[in-house]
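Keeping their order, the protein sequence lines are chains D and C. Residues in the first sequence are numbered from 1 upward in steps of one, following the UniProt record's numbering. Residues in the second sequence are numbered from 1 upward in steps of one, following the UniProt record's numbering.
Honestly, the hints are just simulated from the structure, not real lab data. Please note: incorrect hints may appear among the correct ones.
Identical chains share a label here; the pair holds if one copy fits it or two copies do between them.
Computed cross-link-like contacts, BS3-like style, restricted to lysine-lysine with a CA-CA straight-line distance of at most 30 angstroms [what the hints assert, rightly or not]:
hint : residue 1 : residue 2
1    : Lys320    : Lys7
2    : Lys275    : Lys182
3    : Lys129    : Lys307
4    : Lys249    : Lys182
5    : Lys320    : Lys249
6    : Lys307    : Lys320
Protein chains: 2
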Amino acid sequence: MKLASLKQGRDGKLVVVSNDLAWCADASHIAPTLQAALDDWARVEGDLRNLATDLEHETIPMMRFHERQASAPLPRAYQWADGSAYVNHVALVRQARGAELPESFWQDPLMYQGGSDGFLGPRDSIPLKDESWGCDLEAEVVVVTGDVPLGASREEALAGVRLIGLTNDVSLRNLIPGELAKGFGFFQSKPASAFSPVFVTPDALGDWWQDGKLHRTLMVDLNGKPFGRVAAGEDMTFDFGTLIAHAAKTRALGAGTIIGSGTVSNRDADGGPGKPIGEGGKGYCCLAEVRTVETILRGAAETPFLKAGDTIRIWAEDDKHHPIFGTIEQTVVAD
Amino acid sequence: MKLASLKQGRDGKLVVVSNDLAWCADASHIAPTLQAALDDWARVEGDLRNLATDLEHETIPMMRFHERQASAPLPRAYQWADGSAYVNHVALVRQARGAELPESFWQDPLMYQGGSDGFLGPRDSIPLKDESWGCDLEAEVVVVTGDVPLGASREEALAGVRLIGLTNDVSLRNLIPGELAKGFGFFQSKPASAFSPVFVTPDALGDWWQDGKLHRTLMVDLNGKPFGRVAAGEDMTFDFGTLIAHAAKTRALGAGTIIGSGTVSNRDADGGPGKPIGEGGKGYCCLAEVRTVETILRGAAETPFLKAGDTIRIWAEDDKHHPIFGTIEQTVVAD
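In isolation and in its complexed conformation, chain D is listed as follows (with noise of 0.2 angstroms):
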C-alpha cells in the first residue's frame, strides 16, 4: 500500500495511491491525515488496505495523481530523528578533516534529534537565505514508526515500522562546525528536510525491504546529471531496527516517529573512498562527501555547495525502473 497527503491546510489530506503512482482515491473518510492514520492505525489499516485493493481494481472514484500537489507525507511530525548508520560516510568525513573515528562508532549509533514543524514537500523549492551557509542536500531512507514501547528490543522496534519513504535532509555545512562545537547539537544547521511524495508499506516492497534495510539503489541528480547510485541495503552498520531501538533506550517513541538512515554512502569496490559516476563509481548522496573525497585525494574541495537554481533529484526505481517512492525534486531559491 502507498499513501499520500494532498496539499491542504497544515496535515494534507490522506490519500491511497496506486502502486504505479498514476492514480489516487481519497482516503479522508477512513482517517483525514496519515498522522490520524498512524494514531489510530489498528483500526484504519484493514480499510485503508481495502481502498488501496479497490484502487488498483479501478473500482472506486479515483484520481490522477500528480507528485507536484502532495506535500510531505507527514507534512509536520511530533518527533523526526536522524541516525549516521552509514558509518563510511562518517568515517570519510572524518579522515578529510584528520579526525580519528572513535572505534565505538562502529557499535553504537549516532543520533541527532531533527526539527519536524515544518517539512518541505517533495516538489517545493529549498528556500537559502545565505549561500555562504554552504547548503547541502543528504539523500537517505526513512522509516514511520507507530507507538514503539520504552526499551524495545530490535525486533520489537522492526514490527513497529509502518512506513517506508525517501528524505532530503537539508543541511547548512557551514554552519554545522559552530554549532557542534558548543556541544548541543545540530539546530540552525538543519532547516526543514523534503521528503518522497508517497509512502509504502513494508509488505509492499517485499525483498526490497529485508532485515530492517532497503534493498534498493538511491538515485540523485544535480543539476540534471547523475550524482549517486548508491546502494541503500549496502554498507549500512545500522539497520532500521536497531535505529529505532537505540532511540527508545530511554522513552517510547509516539505513533508517527519518523527515523532517518542518515546519508546513504557506500565503500569503494577497492575500499578506499567512493568514485564519481563518472569515473565508473557510485557517486555520493550528498556534496560534503564528493568534497571530501576530492580533499582526500587532491587536498581540497573542488565542488561548491548549492546555490540558488541548482536543481536535485532524489529517487529509488522498482525493476521496470519506475520510481517506488515517487521523486523528490527540488531547486534551490534565494530566499
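We have chain D already, so just place chain C on it with the hints.
Chain C in isolation, oriented as in the chain D frame:
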C-alpha cells in the same frame, strides 16, 4: 486567559481555566485541542477569551478543575527547543569540571532540539528504568509560539509568544557526557519532559511578563523540602525573544513550538556559586547545580540524583501565594 488540556486521547481536550485554577469550562466546541487552537489562533482567540470572561463571571456551565486530570497543555508537540539562557548555570557546570566557558556563550544562545512526541502531565510519575542513569529534574520557564517567520527579529519573535508555562525537563545526567562526546547533542539523555497544568497568555501575567522574561520566583521542592526559590527574571542572559529569533534564524517555526529557558539559575549575591536555601541562599532548579557547587566548595558532589520514591514539586506564585500555572508534582518510579 489560562488554558489546559484534560486527559483524553492523544491530544487532550481543551478547557479554559479560571484565574484561581478552581474551575474550568469545556472549550472543545471552539477548538478540540490546544494545538488546534494554536493552528487557528487568529480565528479562535476571541471566542476563547469570551469563554474565559464568562467563566470568571460564572455565567456558563463549569466544572471543578483538578490538576491531576490534566495532561501537559500540549500532550505532544511539533517542536520542543530548549535554550540555556541562564548562562550562570552553564558557567558553574563547566567550572566544576575544570572546562573553560567560551566567551561566545554570553553572546550566542545554546539551544538543543528536544523530543516532543510525548510529554508527561503535571502529576504523571517519572518512569526510570535504571537509577545509574543519574536522573535529574530541571525547572524551567517555557513559552509556546504561534507561527514565526524565518529570520524573525527579536521583536517579531516576542510578538509570536502565545502562552507561558513551566516545565520539568527531565535529564539523565550520567548519559550526557557520552552522548555529547559523540557530537550530535542530546537524545537518550533527555526522556519525556513534564509541563505545568495550565499555560497562560502574556496579558494575564501583567508586569510579571516583561522584556521577554517571567519576573516571578520559580519554586522547587524536593521530597517535601524547599530546594529552589530562584528568580526567573534575574540572570537570564537571553530573553525569550532572543531565544525564539535564534531558533528561527534558518527556518520558520510552526505554531505550537515550545521554547524553553533552560534551567533557571541565579548567581549568589556575592557573585560566587549560589548557596542552598538552608544556608540562606536561593537554592537550585536542578540537582546537577547543587552537585556542582558541592564539587567546587568541597571537592565532591554529595547530593544524589533522583531515585524511585523521590518527589519533586515545581511552581510559581502570585502575590497571594497561589500557583499561577498550577503545580508540577511528580514521583520517580522504577519502570
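Against the structure, the hints come out as follows:
no. : hint            : result
1   : Lys320 x Lys7   : within (29 angstroms within a copy, 50 angstroms between copies)
2   : Lys275 x Lys182 : between (33 angstroms within a copy, 28 angstroms between copies)
3   : Lys129 x Lys307 : within (10 angstroms within a copy, 48 angstroms between copies)
4   : Lys249 x Lys182 : both (25 angstroms within a copy, 17 angstroms between copies)
5   : Lys320 x Lys249 : neither (40 angstroms within a copy, 43 angstroms between copies)
6   : Lys307 x Lys320 : neither (33 angstroms within a copy, 58 angstroms between copies)
Figure legend: structure checked against the earlier numbered hints; hints not met, in rising order: 5 and 6.
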